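Start from the sequences, fold in the hints, and give me the full structure.
Numbering of the sequence shown is given in the UniProt record's numbering, commencing with residue 1 and proceeding in unit increments.
It should be emphasised that the hints constitute simulated quantities derived from the structure, not laboratory data.
Being a predicted model, the structure only gives us computed values, none of them experimental.
Even for Gly, the Cβ is constructed at its ideal location relative to N, Cα and C.
There may be inaccurate statements among the hints.
Cβ-Cβ distance ranges computed for the label pairs, FRET-style [what the hints assert, rightly or not]:
1. H51 / G262: 26 to 34 Å
2. S363 / P60: 55 to 63 Å
3. E218 / N277: 41 to 49 Å
4. T319 / G349: 43 to 51 Å
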Amino acid sequence: MGEPSGAPPRGWDTSAPRPESTIRIESIRVDSDHGTLRGCDEPSGWRFSDHDCPEPEWTPASHVPVSHTLGEKVRLSLTLDAAAVLPGPATLKGEGPGGIQFRQTLPVSPGTSVITLVSDNPLARKLDDLSFDVRWSASEAAIVAPAVTSIPMLVTMGPPRSTPIAPYKEDGATPRRVAKAVEWAKQANSLDPHAIVESFLRRFPYYALLPNPDVPAEYDHPRYFNEVGGAWPMVDYVAASGECQAIVRLVRGMLAQIGAPGEARMLVVWADPDQGNGEKPLVADWEKEPRAGLSKTIQVGEKRLSAALVDGPVVEGKTYPPSHTRLPDGKVSPGLNRYEACLEFSHGGTTRYYCGGVGVLSSKHDILKVFWGLVWVEFLPDEGFRVEKIVRRYRNGEASPPRETARDRIRSFFRRFARRIS
Numbered sequence: 001m002g003e004p005s006g007a008p009p010r011g012w013d014t015s016a017p018r019p020e021s022t023i024r025i026e027s028i029r030v031d032s033d034h035g036t037l038r039g040c041d042e043p044s045g046w047r048f049s050d051h052d053c054p055e056p057e058w059t060p061a062s063h064v065p066v067s068h069t070l071g072e073k074v075r076l077s078l079t080l081d082a083a084a085v086l087p088g089p090a091t092l093k094g095e096g097p098g099g100i101q102f103r104q105t106l107p108v109s110p111g112t113s114v115i116t117l118v119s120d121n122p123l124a125r126k127l128d129d130l131s132f133d134v135r136w137s138a139s140e141a142a143i144v145a146p147a148v149t150s151i152p153m154l155v156t157m158g159p160p161r162s163t164p165i166a167p168y169k170e171d172g173a174t175p176r177r178v179a180k181a182v183e184w185a186k187q188a189n190s191l192d193p194h195a196i197v198e199s200f201l202r203r204f205p206y207y208a209l210l211p212n213p214d215v216p217a218e219y220d221h222p223r224y225f226n227e228v229g230g231a232w233p234m235v236d237y238v239a240a241s242g243e244c245q246a247i248v249r250l251v252r253g254m255l256a257q258i259g260a261p262g263e264a265r266m267l268v269v270w271a272d273p274d275q276g277n278g279e280k281p282l283v284a285d286w287e288k289e290p291r292a293g294l295s296k297t298i299q300v301g302e303k304r305l306s307a308a309l310v311d312g313p314v315v316e317g318k319t320y321p322p323s324h325t326r327l328p329d330g331k332v333s334p335g336l337n338r339y340e341a342c343l344e345f346s347h348g349g350t351t352r353y354y355c356g357g358v359g360v361l362s363s364k365h366d367i368l369k370v371f372w373g374l375v376w377v378e379f380l381p382d383e384g385f386r387v388e389k390i391v392r393r394y395r396n397g398e399a400s401p402p403r404e405t406a407r408d409r410i411r412s413f414f415r416r417f418a419r420r421i422s
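Below is the structure:
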């Protein structure tokens with residue numbers, strides 16, 4: 001006898017297919033973000049901004065950059081919206097960069113909820129500028145939308161500085177500044193702060209005393225005293241370099257961007273003809289004494305003489321063109337200076353002096369040897385100068401002052417290590 005009309009054949013599954021539930025990600029906040037970046041929604045440039053970057057960092061309409069410490073776990077707060085009741089307990093899973101994963105149980109009830117996730121493993125211990133892409137999925141016939149979220153993440157050694165203390169605010173953090181500092185610091189292939197500082201300085205093998213026409217006037221090359229980023233525009237004009245103080249300001253600003261440990265001070269070092277005949281190095285903290293340096297003049301008959309630190313050999317009574325003028329033989333004329341600017345950087349029990357356009361020195365006394373000598377000069381109407389008297393020579397020829405070599409640094413390490421274990 002046949003089955004009743006309209007009845008399904010025996011053995012068929014008569015239950016309706018279970019619809020997939022959609023879990024929508026409304027926003028993501030990175031709780032482990034440093035929260036120190038400024039100016040995320042402003043036009044790109046090197047100027048510091050007082051405006052905090054908006055939260056949450058991810059929405060369907062915006063992806064705001066974050067900074068995060070290397071070697072630490074990532075903490076996220078997700079705002080979710082479930083349109084229907086989930087058929088049972090479900091688990092949200094996320095797969096991020098470098099194999100890190102997130103996993104959290106979801107609420108069964110529909111509506112909006114906030115959950116917190118912590119990555120199972122930390123970020124790699126390396127500086128990076130990455131797109132923090134997470135691929136999301138869920139169990140129990142639920143789908144997640146969107147399936148992938150992306151947040152720009154700058155991985156640093158520690159929190160970038162949020163409140164600048166330098167006069168031209170080079171140390172205040174913006175996404176563009178942190179990204180450039182991370183890019184340069186990665187080239188050191190080391191997380192040793194001293195190695196990073198040295199790699200920054202290596203990009204500027206010399207300093208400049210004359211304006212370069214290739215650098216826009218608004219940046220005030222070579223001094224970089226401006227309100228549109230201070231020394232930061234120098235990264236776009238590396239070949240033109242800048243004054244020693246500008247190089248040091250940039251290096252210190254970069255250290256602040258990557259949250260490098262250690263203590264950094266910007267020092268200016270000079271000598272005075274009336275103090276030990278120029279033998280003793282005079283030192284000042286540039287931030288506390290921005291006008292510090294050699295500023296001494298005397299009247300000798302009808303001549304007005306100025307004291308200066310000269311970076312190349314000179315002869316008494318000889319006239320020279322303006323500082324660092326290109327000469328017919330391809331060389332440059334001696335340059336007159338008020339001081340040498342150096343970054344005094346201390347970390348791990350070691351203090352070194354990183355001098356703009358010069359290199360790495362181990363003591364303040366070596367800094368004076370950056371210069372050939374201390375002189376009295378008479379400035380001429382064409383901006384050239386005549387050397388009236390050589391007060392003191394710091395080096396006999398044009399050789400650079402002794403720099404601390406890699407071998408010296410290794411020996412220094414073992415000496416400190418030996419003292420520690422003894």
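Going down the list of hints, with the structure as the test:
1. H51 / G262: 26 to 34 Å: Between H51 and G262, where Cβ atoms are some 29 Å apart, the hint holds.
2. S363 / P60: 55 to 63 Å: holds (58 Å)
3. E218 / N277: 41 to 49 Å: holds (43 Å)
4. T319 / G349: 43 to 51 Å: holds (49 Å)
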